[in-house]
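**Student:** Given these sequences and hints, build the entire structure.
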Amino acid sequence: MNIPSNLKYTKDHEWVLIEGDLATIGVTDFAQGELGDIVYVEVETVGDTMDKDEVFGTVEAVKTVSDLFLPLSGEIIEFNDNLESEPEKVNTDAYGEGWMIKIKISNPDEIAELLDDAAYKELIGG
Numbered sequence: 001m002n003i004p005s006n007l008k009y010t011k012d013h014e015w016v017l018i019e020g021d022l023a024t025i026g027v028t029d030f031a032q033g034e035l036g037d038i039v040y041v042e043v044e045t046v047g048d049t050m051d052k053d054e055v056f057g058t059v060e061a062v063k064t065v066s067d068l069f070l071p072l073s074g075e076i077i078e079f080n081d082n083l084e085s086e087p088e089k090v091n092t093d094a095y096g097e098g099w100m101i102k103i104k105i106s107n108p109d110e111i112a113e114l115l116d117d118a119a120y121k122e123l124i125g126g
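In terms of our numbering, the sequence shown has 18 at position 18, counting the first letter as 1, and numbering is strictly consecutive.
Label pairs and their calculated CB-CB ranges: (1) Gly125 <-> Asp48: 32 to 40 Å; (2) Ser106 <-> Glu44: 16 to 24 Å; (3) Ser85 <-> Ala119: 28 to 36 Å; (4) Leu123 <-> Thr64: 16 to 24 Å; (5) Leu22 <-> Thr64: 24 to 32 Å.
No wet-lab data here; the hints were simulated from the structure.
Beta carbons: idealized from backbone N, C-alpha and C, even for Gly.
**Tutor:** Below, the structure is given as structure tokens:
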């Protein structure tokens, strides 16, 4: 199971790469494995400012549709448009080309609530 140590994680199986006041967000390798073959990623919230834990989009796999929860409050500034034509990138490169959104963080204090790699590994029983 791939759990990079440079990322933060949520109990909802999303990863967060923090670079200053920007965060890149996607679903973890564990999550994509549980979902199975991803066929569609929908994010219609670009330009919106949202609160932590709000639903920012959905991911559709062959066997289920799952909501995507915002791990930090902020403005959604970018969606990975490549996922429109290649949603399978979430399966093949969850931490790279499979990223989903970028946000401008509005409440940096929330970062402390995210899990580190060891805590996430424990959460998934790794």
